[in-house]
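J.: Here is how the chains run, residue by residue.
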Amino acid sequence: MDRISFIERALRGVLLALIVLFFLFPIFWILLMSFQTNEQILRIPPSLSFVPTLDNYRALISGHLLTSAGSLDIAFMRNLGNSVLLSTCAVLLALVLGVPAAYAFARFKFWLSEDIAFTLLSFRFAPPLLVLLPLSLYFQDLGLVDTYVGLIWVYQLIALPLILWIVRGYFEDISPDIENAYRIAGHSWLRTFFKIAVPLAGPGIAAAGLLSFIFCWNNFVFALILASADKQPVTVGALAFVTASGIQYGQVAAAIVLSVTPTLLLALYAQRWLVEGLSLGAVKG
Amino acid sequence: MAQIEIKNLRKSFKDDAVLKGVSLDVDKGEIVTLFGPSGTGKTVLLRLLAGIHAPDAGTIALRGRDVSGSPPDKRGIGMAFQNFALFPHMTARDNIASALTARKADSAEIARKVGAVAQLLKISHVLDHSPRELSNGQKQRTALARALVADPDILLLDDPLRNVDAKLRYEMRLELPALLKRAGSTVLYVTQDFKEAMALGDRIAVLLDGEIEQCDTPARIYAEPVSIGVARLFGDPTLNLVAVEPRLVDGAPEILVGGATIRLPASYAATAGGSYMLGLRPESLRLVDGPAPGTITVDLVAVTPLNEKSVLLLTMEGGQELLASEAGDRDEPRRTGPAHAAFDKDAVLLFDCASGRRFVPADATGVSK
Numbered sequence: 608m609d610r611i612s613f614i615e616r617a618l619r620g621v622l623l624a625l626i627v628l629f630f631l632f633p634i635f636w637i638l639l640m641s642f643q644t645n646e647q648i649l650r651i652p653p654s655l656s657f658v659p660t661l662d663n664y665r666a667l668i669s670g671h672l673l674t675s676a677g678s679l680d681i682a683f684m685r686n687l688g689n690s691v692l693l694s695t696c697a698v699l700l701a702l703v704l705g706v707p708a709a710y711a712f713a714r715f716k717f718w719l720s721e722d723i724a725f726t727l728l729s730f731r732f733a734p735p736l737l738v739l740l741p742l743s744l745y746f747q748d749l750g751l752v753d754t755y756v757g758l759i760w761v762y763q764l765i766a767l768p769l770i771l772w773i774v775r776g777y778f779e780d781i782s783p784d785i786e787n788a789y790r791i792a793g794h795s796w797l798r799t800f801f802k803i804a805v806p807l808a809g810p811g812i813a814a815a816g817l818l819s820f821i822f823c824w825n826n827f828v829f830a831l832i833l834a835s836a837d838k839q840p841v842t843v844g845a846l847a848f849v850t851a852s853g854i855q856y857g858q859v860a861a862a863i864v865l866s867v868t869p870t871l872l873l874a875l876y877a878q879r880w881l882v883e884g885l886s887l888g889a890v891k892g
Numbered sequence: 064m065a066q067i068e069i070k071n072l073r074k075s076f077k078d079d080a081v082l083k084g085v086s087l088d089v090d091k092g093e094i095v096t097l098f099g100p101s102g103t104g105k106t107v108l109l110r111l112l113a114g115i116h117a118p119d120a121g122t123i124a125l126r127g128r129d130v131s132g133s134p135p136d137k138r139g140i141g142m143a144f145q146n147f148a149l150f151p152h153m154t155a156r157d158n159i160a161s162a163l164t165a166r167k168a169d170s171a172e173i174a175r176k177v178g179a180v181a182q183l184l185k186i187s188h189v190l191d192h193s194p195r196e197l198s199n200g201q202k203q204r205t206a207l208a209r210a211l212v213a214d215p216d217i218l219l220l221d222d223p224l225r226n227v228d229a230k231l232r233y234e235m236r237l238e239l240p241a242l243l244k245r246a247g248s249t250v251l252y253v254t255q256d257f258k259e260a261m262a263l264g265d266r267i268a269v270l271l272d273g274e275i276e277q278c279d280t281p282a283r284i285y286a287e288p289v290s291i292g293v294a295r296l297f298g299d300p301t302l303n304l305v306a307v308e309p310r311l312v313d314g315a316p317e318i319l320v321g322g323a324t325i326r327l328p329a330s331y332a333a334t335a336g337g338s339y340m341l342g343l344r345p346e347s348l349r350l351v352d353g354p355a356p357g358t359i360t361v362d363l364v365a366v367t368p369l370n371e372k373s374v375l376l377l378t379m380e381g382g383q384e385l386l387a388s389e390a391g392d393r394d395e396p397r398r399t400g401p402a403h404a405a406f407d408k409d410a411v412l413l414f415d416c417a418s419g420r421r422f423v424p425a426d427a428t429g430v431s432k
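Line by line, the protein sequences are chains A and B.
Using my numbering, you'd call the opening residue of the first sequence number 608 and step up by one each time.
Using my numbering, you'd call the opening residue of the second sequence number 64 and step up by one each time.
In short, the hints are calculated from the structure, not lab data.
Treat each hint with caution, since some may be false.
Straight-line distance between alpha carbons at most 20 Å, and here's what the computed SDA-like set of lysine to any residue pairs gives [to be verified]:
hint	chain 1	residue 1	chain 2	residue 2
1	A	Lys716	B	Gly321
2	B	Lys70	B	Thr122
3	A	Lys802	B	Ser193
4	B	Lys176	B	Lys244
5	A	Lys802	B	Asp90
6	A	Lys838	A	Arg685
7	A	Lys716	B	Asp79
8	B	Lys408	B	Gly321
9	B	Lys230	B	Ser198
10	A	Lys716	B	Ile115
11	B	Lys77	A	Ser720
12	B	Lys83	B	Cys278
13	B	Lys258	B	Cys278
14	A	Lys802	B	Asp169
15	B	Lys137	A	Ile785
16	B	Lys137	A	Ser720
17	A	Lys802	B	Thr164
18	A	Lys802	B	Asp157
19	A	Lys838	A	Leu700
All of these numbers come straight from a predicted model, not from anything done at the bench.
Okay, chain A solo, but in the shape it has when bound (with noise of 0.2 Å):
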């Protein structure tokens, strides 16, 4: 008995290791590299015995990129605070837009009901580079090229149906007569959505609004056509590392450090929700 658990257990903390390490060793050793000179990162052998430097930090943080063949500006930090207030407002107008349309979705059957929402769903199908030319050019007649407001609509594309879906799954299975009961006991529509439905779904709804957090976040394609320089998000940002004298791995590194904090923070505190949020999600179908 013990020698079989034994053996049982031995097993699991090796396989756990090892998706441990290679889900995280990627992220480390971005992390080493992030402290490492140019020079460093590429000498052969690979080592693990460096001087570490905040160079690359300090570059990116005050927006001077020192290369061999001169110095660059970069805006890396407006890029990460772009990205943190495109996919921020996004995801919170998709929850506004999308929670209520969800539980419209759950609970009634209306004309056209399933062609909508599966019209919605069906913007994930799309390969984003079919609709942007014909974006690119509504949004110049439109005037919303190069504005946050043109970005964060056309991320609704990404988080809208994610969030509509998801949290819809999730007021599905919610008893109706929770709900009635609420409102047989005096409540009136509107607090029933609120203080019935909407914690009800909750997980679900941290869930979908995480997800589609991150989807944001690493989008690049919409943002690389319909925005300019001041208004790119990091994934765009990040091209300016590819310079005429090289790539900067080490200030490549030292970005990604930092454009991945934020979700990898919002992830590791929302990991509860999620987990539980999408599994249950799953189990009852």
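Please arrange chain B on chain A, whose structure you already have, making use of the hints.
T.: For chain B alone, kept in the frame of chain A given last:
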């Protein structure tokens, strides 16, 4: 004036007609049990009353006022659901208080009323638990407390004892009548259990196939069911049905049951020449000593003792089975084998084969309207 007035209510879901014209009046302070097999629309009727669904046709008046189109929160009723429908994210206390917070009661009043109803239902010690931490019985009591706390004058209870264990159901069946009378509310109580329906209801409304087949006091429903359908729903074991063809012999109606000729009261003369089903309650059928006129020769096949009574399985000539029940306090056990059975002629129920309606004897005094 009736507290609840339902007129000609119809409701379909897709092509499935669930209620086909239901009318029912419930007086103030009266407890009416809505009884019927599953799928006959009992719950739907309750939901129409609560305003969860809207009827296709017909009207509902509560306290003499038509409530068509008024939302659930404006109808001022209390309701307990079969699946309890407690709010999972609130404590039992907040669950119960939900009906009071909607009325903007102050916190002292809420605390007092919740405390009182919790004490009445013996759940004071679990008020701070979330529904997840409650046993089924406690959940059921919490749901009842939530329905009762605001002293609604109309209470709708949808089979609240369905999901609790047998012991608790028995306890609650004893407690509920007093509890409901004490609240003084007008109650519509849905159940699938005929014992519950008879124990709790001042009247029973029997819902069959989307229509109210009969609405009367428990005693009358049992003794004078209007149709085979109603008669079959009440009684454990259920009533025996034997095909008979009454005929007149010397001006008196007679039927042939299991080879024996049995004379019926003269009031059944009009049944002569028709095809009927004879309905016999198991407790009106008894074994008697020796052959005598009017007794049926049977074979006692099996005896099932059920503590307070025994159920006897008999077969008649021709193989048809009958169930009889008798008090279980016999000194010596019954032996299986040939026997003779007789039945109480006053307890005879004759149902028309074609329509299923009960034949109402012409001179029946005081028993039939």
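J.: Which numbered hints turn out to be false for this structure?
T.: 1, 5 and 16
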